[in-house]
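Top line first, the protein sequences correspond to chains A and B.
Per the working numbering, residue 566 is the first one in the first sequence, and the count goes up by one each step.
Per the working numbering, residue 1054 is the first one in the second sequence, and the count goes up by one each step.
None of these hints come from the bench; they were simulated from the model.
Since the model is a prediction, treat every value here as computed from it, not as a measurement.
There is no bait here: all hints are sound.
Below 27 Å or equal to it, Euclidean Cα-Cα: the simulated DSSO-like pairs (lysine-lysine) are:
no., chain 1, residue 1, chain 2, residue 2
1, B, LYS1082, A, LYS621
2, B, LYS1242, B, LYS1148
3, A, LYS568, B, LYS1095
4, B, LYS1095, A, LYS621
5, A, LYS621, B, LYS1152
6, B, LYS1242, B, LYS1152
Facing chain B, from chain A, some residues (calculated, C-beta under 7 Å):
no., residue
7, LYS621
8, SER622
9, THR627
10, VAL631
11, GLY698
Quick reminder that beta carbons are idealized off the backbone N, C-alpha and C, glycines included.
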Amino acid sequence: MNKTINITVNGTKHTLEVEPRLLLVHMIREVLNMTGTHIGCDTSSCGACTILLDGKSIKSCTVLAVQADGKSITTIEGLAPEGGPLHPLQEGFKENHGLHCGFCTPGMIMRCVELLEHNNNPTEEEIRWGISGNLCRCTGYNNIVKAVQWAGAKMRGEETPSTEPEFV
Amino acid sequence: MIAQSFQYESPGTLAEAIALLNQYGDEAKVLSGGHSLIPMMKLRFASPGYLIDINGIPGLSDIKEESGVVRIGALAREADLEHSALLATHFPIFKDVTKLIADPQVRNMGTLGGNLAHGDAANDHPAVMIALRASVVITGAEGEREVPIDEFFYGFYMTAIQQGEILTEIRLPVPAAGSGNAYHKLERKVGDYATSGVAVQLTIGSDGIVTAAGIGLTNVNPVPLRASRSEEALIGKPLTEENILLAAQYASEDCNPSADLRGSEDYKRHVTGVLVKRMIKKAAERAMAS
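All chains should be modelled from the sequences, with the hints used to inform the complete structure.
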């Protein structure tokens, strides 16, 4: 028996009729056609499906759409206004080559939105623990760490670290 | 992967939730954090006909201290336990254990109550509760009953929670002065279940004699295990290297690990011994510093 749910997505209210077993990630991708959120493993491991639910980063493949009734979600599409300036994290990933294929990137960025909200000046160690629920097969994580530190600096209003490569 | 169809209820009160559980009987499962249940349903290892979502019931997630007992609502999220200043004062073990449970996103949803009620010896909190000598409050239509942790775990996915009942609170006696607690688990990678995990709480008198010890083991037994012989090896004696090694040896002998991809039985016994030794020392350090 279907349930009617009211859910705010990136600031817009939606009323949807859904089966209880519909996963939040499927609601986002297939009902609302917002494919920025990705399904990587479907077993709660990779974090590619990470979005914000009432401000908390969660794995949308492991939450039912009906659990979001009356709540607000933010997906990667909701970080920057249409045609508007990029969110510091998006800019940071761009400037610091924090992505190759980009598949993990939306989930990685949404996790880091919450990470920076709790601590806007994280150490490398804090970032690595903070993204431990997000797997990346391409980058080796180094530039992701740099991107997050860069974004943190920008959000603190400080000078951003250089994006020039280091010669060791 | 898609779960089988089910009906979904989200009651606003405990009484409603209990009534629904009694109405639907063994066809119903409680939905708490959902991060053990929903993955099982997606794989069709579990197909309850009714899901009773208790996340909308207020008052089940508080963490407070009253009359020498720390009371944690069953809906307290792992992230809440990780960041609680109250828990950090008496129980630094919560920072140890939550850091090792899954990852930050899962910890935003997963609950302490769910971790215990799932009845899985591979979960980390059961061993912690054993070490801290916790009790759990189970609520049904007739009211509340308090069950000591040693009477809570029956078997594989089986706990003392009967049909029509919900685990609502976890109670931890505030340890006496001179106590310390610690947890560690060996895992192959971040977010993995334990190859072996050990929780220890010790109380050491000013004369150096151990007056209390609780040692719980994770994922090396079909049911979460109290290392009783190890505890007895420490209580009433000074904490010497010899006693610590004996406690470690007993734990490694008394557990019953299964060989799997995480290691052979012998390897897991060995790791258990090593972790018991290390966690006794860490708990003792914290006890001296307290």
